[in-house]
Every structure is written in C-alpha cells, then in structure tokens.
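The listed protein sequences correspond, in order, to chains F and P.
For the first sequence, the tail end lands on 263 under the numbering used here, and the numbers increase by one without skipping.
For the second sequence, the tail end lands on 305 under the numbering used here, and the numbers increase by one without skipping.
Please keep in mind that the hints were generated in silico from the structure rather than gathered at the bench.
This one's a predicted model, so the numbers in the text were calculated from it and none came from an experiment.
It cannot be assumed that every hint is accurate.
[Claimed, not checked] These stretches of chain P come out as covered by chain F in the derived footprint (C-beta under 8 Å, 3 or more residues):
{"no.": "1", "stretch": "29-38"}
{"no.": "2", "stretch": "96-107"}
{"no.": "3", "stretch": "256-269"}
[To be verified] Below, computed lysine-lysine pairings styled on DSS-like, alpha-carbon distance capped at 30 Å:
{"no.": "4", "chain 1": "P", "residue 1": "K282", "chain 2": "P", "residue 2": "K299"}
{"no.": "5", "chain 1": "F", "residue 1": "K213", "chain 2": "F", "residue 2": "K99"}
{"no.": "6", "chain 1": "P", "residue 1": "K299", "chain 2": "F", "residue 2": "K249"}
{"no.": "7", "chain 1": "F", "residue 1": "K213", "chain 2": "F", "residue 2": "K171"}
{"no.": "8", "chain 1": "P", "residue 1": "K156", "chain 2": "P", "residue 2": "K118"}
{"no.": "9", "chain 1": "F", "residue 1": "K64", "chain 2": "F", "residue 2": "K117"}
{"no.": "10", "chain 1": "F", "residue 1": "K5", "chain 2": "P", "residue 2": "K51"}
{"no.": "11", "chain 1": "F", "residue 1": "K7", "chain 2": "P", "residue 2": "K15"}
{"no.": "12", "chain 1": "P", "residue 1": "K84", "chain 2": "F", "residue 2": "K213"}
{"no.": "13", "chain 1": "P", "residue 1": "K156", "chain 2": "F", "residue 2": "K245"}
{"no.": "14", "chain 1": "P", "residue 1": "K84", "chain 2": "P", "residue 2": "K4"}
{"no.": "15", "chain 1": "P", "residue 1": "K51", "chain 2": "F", "residue 2": "K7"}
{"no.": "16", "chain 1": "F", "residue 1": "K88", "chain 2": "F", "residue 2": "K249"}
{"no.": "17", "chain 1": "F", "residue 1": "K5", "chain 2": "P", "residue 2": "K15"}
{"no.": "18", "chain 1": "F", "residue 1": "K245", "chain 2": "P", "residue 2": "K84"}
{"no.": "19", "chain 1": "P", "residue 1": "K15", "chain 2": "F", "residue 2": "K86"}
{"no.": "20", "chain 1": "F", "residue 1": "K249", "chain 2": "P", "residue 2": "K301"}
{"no.": "21", "chain 1": "F", "residue 1": "K88", "chain 2": "P", "residue 2": "K282"}
{"no.": "22", "chain 1": "F", "residue 1": "K64", "chain 2": "P", "residue 2": "K156"}
{"no.": "23", "chain 1": "F", "residue 1": "K249", "chain 2": "P", "residue 2": "K156"}
{"no.": "24", "chain 1": "F", "residue 1": "K44", "chain 2": "P", "residue 2": "K282"}
{"no.": "25", "chain 1": "F", "residue 1": "K64", "chain 2": "P", "residue 2": "K51"}
{"no.": "26", "chain 1": "P", "residue 1": "K118", "chain 2": "F", "residue 2": "K245"}
{"no.": "27", "chain 1": "F", "residue 1": "K141", "chain 2": "F", "residue 2": "K213"}
{"no.": "28", "chain 1": "F", "residue 1": "K5", "chain 2": "P", "residue 2": "K118"}
[Unchecked claim] Label-pair restraints from in silico Cβ distances:
{"no.": "29", "chain 1": "F", "residue 1": "G183", "chain 2": "P", "residue 2": "E119", "range": "42 to 50 Å"}
{"no.": "30", "chain 1": "P", "residue 1": "K118", "chain 2": "F", "residue 2": "S219", "range": "22 to 30 Å"}
{"no.": "31", "chain 1": "F", "residue 1": "R93", "chain 2": "P", "residue 2": "D38", "range": "33 to 41 Å"}
{"no.": "32", "chain 1": "F", "residue 1": "P206", "chain 2": "P", "residue 2": "K118", "range": "28 to 36 Å"}
Glycine included, every Cβ here is placed at the ideal spot set by N, Cα and C.
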Amino acid sequence: MQSAKCKIASIEFQEEVVPGCFRMGLSGELSGSPGQFFHILCDKEDFSYKIHNLPANRLSLKKKPILRRPFSIHRLREGGIEILYKVKGIGTRMLSLLKKGDTLNLLGPCGQGFRIKETPAILVGGGIGVAPIFALAESLKPSSVTCLLGARTKNELLLTKEFQGLGINIKIATDDGSCGRKGNVLSLLLSHYTHLKTIYACGPLPMLSSIIKFAKENSASCQVLMEERMGCGMGGCLCCALPTKTGYKKVCEDGPVFDVEEL
Amino acid sequence: MKPKIDLNIAGLYLKNPVLPASGTFGYGIEYEEMVPLDQLSAIITKGLTLKPREGNSPPRIVETACGVLNSVGLENIGIERFIKEKLPRIREHNIPVIVNIGGETAIEYEELAGILDKEEVEALEVNISCPNLQKGGAAFGNDPEIAGSVIERVRKRFSRTVFAKIPPADNINPVALACQNEGADAISLINTIRSLAIDIETQKPILGGIFGGLSGPAIKPVALRMVWEVSNILDIPVIGIGGIFTGSDAIEFILSGAVAVQVGTANLVDPLSCLKITEGIKEYMARKGIQNITQLVGKAKLSEK
Ligand SMILES: Cc1cc2nc3c(=O)[nH]c(=O)nc-3n(C[C@H](O)[C@H](O)[C@H](O)COP(=O)(O)OP(=O)(O)OC[C@H]3O[C@@H](n4cnc5c(N)ncnc54)[C@H](O)[C@@H]3O)c2cc1C
Ligand SMILES: Cc1cc2nc3c(=O)[nH]c(=O)nc-3n(C[C@H](O)[C@H](O)[C@H](O)COP(=O)(O)O)c2cc1C
Ligand code: FES
Numbered sequence: 001m002q003s004a005k006c007k008i009a010s011i012e013f014q015e016e017v018v019p020g021c022f023r024m025g026l027s028g029e030l031s032g033s034p035g036q037f038f039h040i041l042c043d044k045e046d047f048s049y050k051i052h053n054l055p056a057n058r059l060s061l062k063k064k065p066i067l068r069r070p071f072s073i074h075r076l077r078e079g080g081i082e083i084l085y086k087v088k089g090i091g092t093r094m095l096s097l098l099k100k101g102d103t104l105n106l107l108g109p110c111g112q113g114f115r116i117k118e119t120p121a122i123l124v125g126g127g128i129g130v131a132p133i134f135a136l137a138e139s140l141k142p143s144s145v146t147c148l149l150g151a152r153t154k155n156e157l158l159l160t161k162e163f164q165g166l167g168i169n170i171k172i173a174t175d176d177g178s179c180g181r182k183g184n185v186l187s188l189l190l191s192h193y194t195h196l197k198t199i200y201a202c203g204p205l206p207m208l209s210s211i212i213k214f215a216k217e218n219s220a221s222c223q224v225l226m227e228e229r230m231g232c233g234m235g236g237c238l239c240c241a242l243p244t245k246t247g248y249k250k251v252c253e254d255g256p257v258f259d260v261e262e263l
Numbered sequence: 001m002k003p004k005i006d007l008n009i010a011g012l013y014l015k016n017p018v019l020p021a022s023g024t025f026g027y028g029i030e031y032e033e034m035v036p037l038d039q040l041s042a043i044i045t046k047g048l049t050l051k052p053r054e055g056n057s058p059p060r061i062v063e064t065a066c067g068v069l070n071s072v073g074l075e076n077i078g079i080e081r082f083i084k085e086k087l088p089r090i091r092e093h094n095i096p097v098i099v100n101i102g103g104e105t106a107i108e109y110e111e112l113a114g115i116l117d118k119e120e121v122e123a124l125e126v127n128i129s130c131p132n133l134q135k136g137g138a139a140f141g142n143d144p145e146i147a148g149s150v151i152e153r154v155r156k157r158f159s160r161t162v163f164a165k166i167p168p169a170d171n172i173n174p175v176a177l178a179c180q181n182e183g184a185d186a187i188s189l190i191n192t193i194r195s196l197a198i199d200i201e202t203q204k205p206i207l208g209g210i211f212g213g214l215s216g217p218a219i220k221p222v223a224l225r226m227v228w229e230v231s232n233i234l235d236i237p238v239i240g241i242g243g244i245f246t247g248s249d250a251i252e253f254i255l256s257g258a259v260a261v262q263v264g265t266a267n268l269v270d271p272l273s274c275l276k277i278t279e280g281i282k283e284y285m286a287r288k289g290i291q292n293i294t295q296l297v298g299k300a301k302l303s304e305k
C-alpha cells in the first residue's frame, strides 16, 4: 500500500563518507524542500509491515527498531533524494547495512522546511547538521551565501569539497584546531555576521543554543532546525514537543525549522 | 462468501473490529491525506480534558526493547476547542466518533459527559487509566470504588455508548466488574504500563516526565492474559488493546475473548495499520473458512471450561 505520504523507495547507492557516516541515494516518487525530513523505517521493506498476517512466532520484531527514524533531506534530485546520516544506535546501524537495490518504507516529506528570504544568507552546519544545510545551499544563489562549518576535528568535517563545488564561500572551525579556526562555529559567526543577513543553522543543541542566543541579542533573522524524539512524525501523537514562547509546538509538524523569534 | 466482521456495541455500529487507540491517531484528521478515513470503523480521539493541558516536558518518547515508553501527559486542546475546531472536520468523514475523556476529578468526567451528550458524538471512552497524570487517571482505575463512581457519573449524563478504559492493575477483575455494574457498555483494556528508562551517560531518566507508559509488542502477552480473564467474568464486551501490529495479533485477542481491538503504537509506525490489520483478519477468516467473526470470540477458551 502506497499513498500520498507513505512511499517505497529503492536504494540507489550507499557509501561511507567518513567512518561512521553514510550517504544514501533513494529513488522513488520523493520530493520536498530543504529542511523537511523523511520518517524512515530502518529495515528492508518486506517484512512485518507488508505481511500483516504472519503467526506471531514468525515475526521477530524483537530484533528490529520499532519506531521510524527522522532524516533530513540532504539533496533533492530528479527522481529521488539523498540522506546523509551518522550511525548512532540500532536504527542507523541497520540502515547502514542495507545495500543497493534494497527497498525502504518512507513517510514524507514531513514538516516545514526553511523559509527562504531574499537577503544574503549565512548557513551554519555543525557535525552531521550539515546534512540539511547542503540541500538549502543547493537551492540558493552561491554568491550570496557564506557557509560556516564546524566539527570536533578535521576527520569529522563533512562536505567541505561539495560546498566548494557549489561555488560557495566556506569557513571552517574545529574544536581541536586541526582545520580552520580553533573553536566553535559561533566564533566564526561573530566575525561574519552583518546586519541584514539571514542565518540558517543546524547542528548539536549546544551550538544551536548559542546561535539562538546570539540571534536574539542581535535581533538577527534566524532559522534553526530543531531535533526532538519522535513517534508518528505526522502530528498525531504529540511526542515531539518543543517549548516555545506560545507553549509546546510539534517539531514534526510546526517544525523542524523554527524562526528564532518563536523560541 | 465475504466474511462478516461488523459488530454492534450497545447501539454503536462498527463496520470492522479494528479501532485506532486513543492518543496514537491524533484527531484522525491529521491523517486525512494519507488514510482513507471512511474505511475505518470509527475514530477514537486523543484524550480530552475540560481545560486545555500543556502536557509533560520533553523528551516524551523513548524506544525500549520491543516497546515504546511515552509521557505525553495528556496534552490536549480542551473540550471547547475540540468541539469547535476538530469535531466538524472529523464528522466530514462519515464515521462514528468516540471521544476519549480524562480528568483529575470525578466531577470533571461528569461535566465532560454532559457537554458531549449534546454533541454529535457516538460514544465516550472514559480513560481511568492514564499512567502519566499526578491526579486522576490510573489512580482512579486502580480502585474499583472510584472507578465505579466515575463511570456512574458519566453514565448519568451521557445517553449513548460508554466504554471504560481501565489500566493493567493487579485487581483488574474487581475494577472491570465495578465499571460494568455502574453501566459501562464495554471495557477497553489495556492502557500502557507505568515504566521507566534511564540514560546511563547523563545518569538521569530519559523522559521529561520521569515515568512513562509502556506500549507495543512488549505488553501484548500481559494484555492478552487480562482480556482472557476479564472477558471470563463480564457480560459486557471487551475491547482488546496492547501491542497489536498484525492481523494475527488481533486474532489472538479475539480468540482470547475480545469482540474488537484497538491499535496504538503500530499507528505511529504505519498510519495504515488499522486497515492492514482488518485485511489480515479477513484473510485469516477466509483461510479458516469462518463466516462470522463472532465464531472466533473467546474460542481459545472453549477447551478450558
Ligand atoms: C527533524 C530531524 C532531522 C534529522 N536529520 C538527521 C540527518 O539528516 N542525519 C542524521 O544523521 N541524523 C538526523 N537526525 C537524527 C536522527 O534521527 C537520529 O540520529 C536517529 O533517530 C538515531 O536513531 P538510532 O536508532 O540509530 O539511535 P538510538 O539512540 O538507538 O535511537 C533511540 C530512539 O531515540 C531517537 N533519537 C535518538 N537520537 C535522536 C535525535 N538526535 N533526534 C531525534 N530522535 C533521536 C530515535 O529516533 C529512536 O526513537 C534528525 C533528527 C530530527 C528530529
Ligand atoms: C503516544 C501515546 C499517547 C497515548 N495517549 C493516550 C490517551 O490520550 N488516552 C488513552 O486512553 N490512551 C492513550 N494511550 C494508550 C493507547 O491508547 C493504548 O492503550 C496503549 O498504547 C496500548 O496499545 P499499543 O500497545 O497498541 O500501543 C497513548 C499511547 C501512546 C503510545
Ligand atoms: S512525532 Fe507525533 S506529533 Fe510529532
């Protein structure tokens, strides 16, 4: 059963970009916009969810993740998308073991993506947070974009060549100083932010918190992609609550991209 | 011949025995683009209270072995906004609406029942089993006397079908009996099991609400046992809930004495679960040559007696 949002995609390729981090190409009727995500069943699409009438003892659900996992759109292509993900636990581990030709069950595109402003853009990506930032970069005019990339160390830096390939001006910061400036991306932001630029950011929570604080103090136009643990990904279970000025919002439906003014 | 799978619970007609469990399918309308809602036998809403509720602080969900813990804490928009904004939109799909109600005091349940009696709502499901409330919720459903008095108050004010949703308590039999005696038309069981998960890195509970309710395949054997026991002692129908992901899971509940089932966690994974499970039930009946689903209800117990 496929329907408007529930899709079957086949894996076109899967490659390990840096140790523990994979890029996966998916083909199917997939679309969306930068900042939106797909809610993915991290297993081959051939088992319990299709055959709904197997005797219980033949359904070894115990070895599989139960819930879907959310992954941002990393690239939008003709006839498909790419995701970029880091192996964290059981779900991403199982995803990383899948091969070209395997099929996946996806829900999406979910949520609200980045709302693109006319003003020059500063893109900020920390760690695996560069995944959705790249999709956004591809949709913007390179000359109006500065991209700030942060990672713990040089070996964990992602996509520097790809951003350069788009003709985008990139700046790098690493925690240990092994590449670019020593320190976090906030220090880069302090040097590159000027009024009238819009900040778009995704990365670990401490990084986002400091960017949110910076944006508020400088009344900067700023959008951040927030993460929260999810159930349905469809707005139905209220599990993905994020505290905002106007009470809890749903990350899966009202977000995952939020305007800093709302937070 | 097409197998007969429809049923009637105290005047509530259900065209198939598979319902979406409260809290796992929003108000239904979130899914209207994706799920042909008119094919469902009914919508059971997210738990509603008199006043809007904020719910617990995040994180609110965590996956455990074979299950899921949630501590949503009954976040909802309150009955007034529900009636104004959601109910008319659910009604467009021409299926029965079952409103799940919760509260911190017995009076609150009574007021909700009074308000909803005047609305186009086919049935109430009285949630005296939410494990995520400080007051009310499961504290009511664990005590036969209080459970009975809540149902009595609701019964007085609501003229159509009333389900009592009870928690997986040790004394589930007296609680179920008390609900039956005070006029419940059916018993839904089980709600989630109060549980805990710890993050050993931060050395703290993972959920913002500390405790959460366990659902999913992990609770299925517990739920099956309770359905079996409770349906033995009641005259009113039992609706089985707990870890149903497939048609065969549903059949297990029916064989144990449930006349219908609800599907919760599986909806989070696949919003089409109810429809797929209904198909699974039909395939099973065709394979076994069973014409009417009532032939299966409690069948596993025949040898026991
Ligand atoms: C909107 C959104 C977009 C995301 N995009 C990406 C992406 O493009 N690339 C990428 O590598 N990761 C992304 N993540 C994080 C990714 O979803 C988690 O790393 C993944 O769910 C971990 O699953 P696991 O089974 O491997 O880990 P486990 O730790 O075993 O997961 C246990 C449970 O916690 C949840 N969980 C764990 N970490 C997170 C997290 N950071 N956010 C939300 N839920 C979490 C899982 O979904 C699962 O339900 C995104 C998260 C969100 C909310
Ligand atoms: C995220 C979530 C929210 C829930 N909210 C409610 C609720 O508002 N009212 C209620 O009676 N039960 C609620 N439940 C319990 C379910 O309706 C169901 O009884 C339970 O999850 C067991 O079924 P399952 O194993 O199929 O999920 C909730 C369950 C989950 C997972
Ligand atoms: S994950 Fe269910 S509402 Fe957001």
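Comparing the hints with the structure gives:
1. 29-38: Coverage by chain F holds for the stretch 29-38 of chain P (5 residues, Cβ < 8 Å).
2. 96-107: violated (count 0)
3. 256-269: Three-residue rule met by the stretch 256-269 of chain P, so holds; n is 4.
4. P:K282 to P:K299: Judged against 30 Å, a Cα distance of about 17 Å means the pair holds.
5. F:K213 to F:K99: Status violated; Cα separation ~42 Å.
6. P:K299 to F:K249: violated, 46 Å
7. F:K213 to F:K171: Between F:K213 and F:K171 the Cα gap is close to 21 Å, so the pair holds against 30 Å.
8. P:K156 to P:K118: Since the Cα atoms of P:K156 and P:K118 sit roughly 13 Å apart, the hinted pair holds (cutoff 30 Å).
9. F:K64 to F:K117: violated, 42 Å
10. F:K5 to P:K51: The hint is violated at about 33 Å.
11. F:K7 to P:K15: holds, 28 Å
12. P:K84 to F:K213: violated, 38 Å
13. P:K156 to F:K245: Violated, at about 41 Å.
14. P:K84 to P:K4: Violated, at roughly 36 Å.
15. P:K51 to F:K7: Given that 30 Å is the threshold and the Cα spacing comes to 38 Å, the pair is violated.
16. F:K88 to F:K249: Status holds; Cα separation ~26 Å.
17. F:K5 to P:K15: holds, 26 Å
18. F:K245 to P:K84: Holds. F:K245 to P:K84 sits at ~24 Å (cutoff 30 Å).
19. P:K15 to F:K86: Violated, at about 45 Å.
20. F:K249 to P:K301: Not satisfied, since the Cα-Cα distance of roughly 47 Å exceeds 30 Å.
21. F:K88 to P:K282: violated, 40 Å
22. F:K64 to P:K156: violated, 47 Å
23. F:K249 to P:K156: violated, 37 Å
24. F:K44 to P:K282: Holds - the C-alpha atoms of P:K282 and F:K44 are around 26 Å apart, at most 30 Å.
25. F:K64 to P:K51: violated, 39 Å
26. P:K118 to F:K245: violated, 35 Å
27. F:K141 to F:K213: Given pair F:K141, F:K213 holds - Cα atoms ~27 Å apart, limit 30 Å.
28. F:K5 to P:K118: violated, 36 Å
29. F:G183 to P:E119: 42 to 50 Å: violated, 59 Å
30. P:K118 to F:S219: 22 to 30 Å: violated, 49 Å
31. F:R93 to P:D38: 33 to 41 Å: holds, 40 Å
32. F:P206 to P:K118: 28 to 36 Å: violated, 51 Å
Violated hints, listed in ascending order, are 2, 5, 6, 9, 10, 12, 13, 14, 15, 19, 20, 21, 22, 23, 25, 26, 28, 29, 30, 32; each of the other numbered hints is respected by the structure.
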